[in-house]
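Undergrad: Given next are the chains, with one letter for each unit.
Protein chains: 2
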Amino acid sequence: MDISELSTPCLILDESKFKKHCDEMKKKCRDLGVTLRPHLKTGKSHEFSLYQMETPEGPATVSTLLEAENFFEWGVKDIIYAVGLSPNKFQKVLELIKRGCNLKVILDNTETAKKLSEFCKANNTEIKVLIEVDCDGHRSGVKVDSNELIDIANYLKDGAQLTGVLTHAGDSYRCVGEAQCRKAQENERDSIVKAANRLKKAGFNINIISAGSTPTAKFAKNWDGVTEVRCGVYCVGDLVMAGVGVYEPEDIALSLLVEVIGHQKEKGWIITDGGWMALSRDRGTANQKVDWGYGAVCDVDGNILPGLLVKGANQEHGIICSRNDNRLKPEDFPIGTKLRILPNHACAMAAQHDHYNLVKGRNVISN
Amino acid sequence: MDISELSTPCLILDESKFKKHCDEMKKKCRDLGVTLRPHLKTGKSHEFSLYQMETPEGPATVSTLLEAENFFEWGVKDIIYAVGLSPNKFQKVLELIKRGCNLKVILDNTETAKKLSEFCKANNTEIKVLIEVDCDGHRSGVKVDSNELIDIANYLKDGAQLTGVLTHAGDSYRCVGEAQCRKAQENERDSIVKAANRLKKAGFNINIISAGSTPTAKFAKNWDGVTEVRCGVYCVGDLVMAGVGVYEPEDIALSLLVEVIGHQKEKGWIITDGGWMALSRDRGTANQKVDWGYGAVCDVDGNILPGLLVKGANQEHGIICSRNDNRLKPEDFPIGTKLRILPNHACAMAAQHDHYNLVKGRNVISN
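First to last, the sequence lines map onto chains F and H.
Each residue of the first sequence is one higher than the last, beginning at 76 in this note's numbering.
Each residue of the second sequence is one higher than the last, beginning at 76 in this note's numbering.
To be clear, the hints were calculated from the coordinates, so they are not data collected in a lab.
Each hint should be verified, as a subset may be incorrect.
A pair counts as met if it fits within one copy or between any two copies, since identical chains are not told apart.
To be verified - Below, a list of computed lysine-lysine pairs in the PhoX-like style, where the Cα atoms sit at most 25 Å apart: (1) K296 x K102; (2) K94 x K296; (3) K276 x K203; (4) K364 x K386; (5) K386 x K342; (6) K296 x K173; (7) K152 x K342; (8) K189 x K364; (9) K167 x K413; (10) K189 x K340.
Bear in mind that the values here come from a model prediction, so they are computed numbers and not experimental data.
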């Protein structure tokens, strides 16, 4: 089937670009002597994940317990659920572990550590825990030098079992260019290694030392002391990552196929059937040097049309404009014209769809 | 079940508020002598729609053909698909009509009208069409006074059949207060009636004269000449609508239940498990007088906590801060605390979930 025969709007994955990104990251991690534990939150699909992972059983990272459950049912066993665990999810974690999933959880405070150990003892079980460490003040995690790091560990001796430390250089998304990204990576690496060493010195067994984000993983030259790298969006890329300098827009493997459904002639707008329900509401490039609105515009073959962007998005309508306020001519984009829109944020666009259509050139391989 | 027992993050619908909004809009439309054709895009569920519609068979409005198909399978017959039709969707429309759905479509240009009529003739069928009219330059639609209005109609005599006109006062979302909304409503009404009269004068049968958005429907005093009103988000409300002056934040029927999973103590942040995957990326209040970030914060009973907002959202993490930059105290929000977040845009939040949990007070009626 030719791509133009697909019903719009729909998600397109370019197989060659996707595989290239996966292959490169696998090689990079092998070369640097770290395990790749890819984040599966972008694709959320079995096929996608099989190519990302080193083996069908993992290792892998997920961002929800529903993802953990689905991937476990697809055969993935070694999983880190990399969002701070909270009490209402203890039971679900226990269920997955009892079913045979080698699920590990993270937390960053003594309250949760204490409650989880009590829960484990009450249920006569063990749950493996990584302490989440904050390397850059971005979001969550305990400070590397804090007393709380050791306090938390002390609650993870009996019931809940400390097995490692984990961090995420979330602020690397604000970097621009290789030098800044590498600096973020060195900080990420040094922070998590320091946290691990503090815990080891205090007598704890630290088997997993986990770090990584797409910008830091992409530009890393040395992961000494780190055992594994987690990254997610590297496998497809997006316009935010292009703004960070990780990829060129031409490298982006994910796009939305849309159809021209009308024109606002006086304004020179092209109206498509790809609104924010299909694009997502993500405006991640708004604060970057190049603001892509709701996405960059390509022809049906995936060639970027310079100077165009999706300037507005309603629920089911996309509005394509010229960046320099030239009016677009309706005759250049007749009704029925197919276009492809590159995402600001691939994870956000992918989350709006229940499946993707895999293409090789214009040929739809699976849908 | 008590609301606090639900697994988080999850979508909550307050039954009393929802029913009150539905009842009020039904009454308002009856009082003004117009048919209510509710937009079902917010709830996307059978239960939700049954209470919105005047009868289980409709009339109703949808924004995708997938919605049309689902609602038709649930027994809804009288449906307008209110997004400009494009050629790759003709076949799906035909299928639904052949299965017995009284589906009507909209378009705003001669190209699509011509193609649709040719498609109908080739398939020996008729498809009912409303011409989309642009009343306020917001998005799509043909201008009321344009020659194209009549040109389009001339393509809808044979095969595709003109049955009405439709408009949407999209710019009313930028209004603030009753007076501005009423002005938008009067313009919406006068524009669509004028378009209908031009077509009638030219000899066309115009059975449906369709208008309406939540702000204009809410404040309308007179719909003379209009046959039906479409609105959607009125049934739940959201913070954008509160900014427009349609509802108070306290009236909002939809919210996200989240759990506190951590604290960023030095910054005074509260971290929850409700990130943008659950909240949506919508920042619709960003340009309003009161910017709610990613949402307003309520206690588990739904009482608004003044001065708090979801200032940041990552994929699976929400960051709650004080509006005046006071640090929030971890002890006021212990790990495991349940909170409810009111949406900027209800349709966007609802679209992130596959179902909602219906509550009456704290009691979960269905989940």
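Undergrad: Quick one: K189 to K364, C-alpha cut-off 25 Å, is that within a copy, between copies, both, or neither?
TA: neither (45 Å within a copy, 43 Å between copies)
Undergrad: One pair to classify: K152 and K342, alpha carbons no more than 25 Å apart. Within, between, both, or neither?
TA: Answer is neither: 54 Å inside a copy and 37 Å across each miss the 25 Å cutoff.
Undergrad: As a check of your reading, is K167 near K413 (CA-CA no more than 25 Å) within one copy, between copies, both or neither?
TA: between (44 Å within a copy, 18 Å between copies)
Undergrad: One pair to classify: K94 and K296, alpha carbons no more than 25 Å apart. Within, between, both, or neither?
TA: within (22 Å within a copy, 60 Å between copies)
Undergrad: Can you give me the call for K276 and K203, within, between, both or neither, at a CA distance of at most 25 Å?
TA: Answer is within; shortest intra-copy Cα gap is 20 Å, inter-copy 76 Å.
Undergrad: Can you give me the call for K296 and K102, within, between, both or neither, at a CA distance of at most 25 Å?
TA: Within one copy only: 13 Å inside, 68 Å across.
Undergrad: Between K386 and K342, at a C-alpha cutoff of 25 Å, which is it: within one copy, between copies, both, or neither?
TA: Close inside one copy (12 Å), not across copies (35 Å); limit 25 Å.
Undergrad: Are the CA atoms of K189 and K340 at most 25 Å apart within a copy, between copies, both, or neither?
TA: between (64 Å within a copy, 18 Å between copies)
Undergrad: At most 25 Å between CA atoms: does that hold for K296 and K173 within a copy, between copies, both, or neither?
TA: neither (39 Å within a copy, 62 Å between copies)
Undergrad: How would you label the pair K364, K386 (within, between, both, or neither) given a Cα cut-off of 25 Å?
TA: both (16 Å within a copy, 23 Å between copies)
Violated hints, listed in ascending order, are 6, 7 and 8; each of the other numbered hints is respected by the structure.
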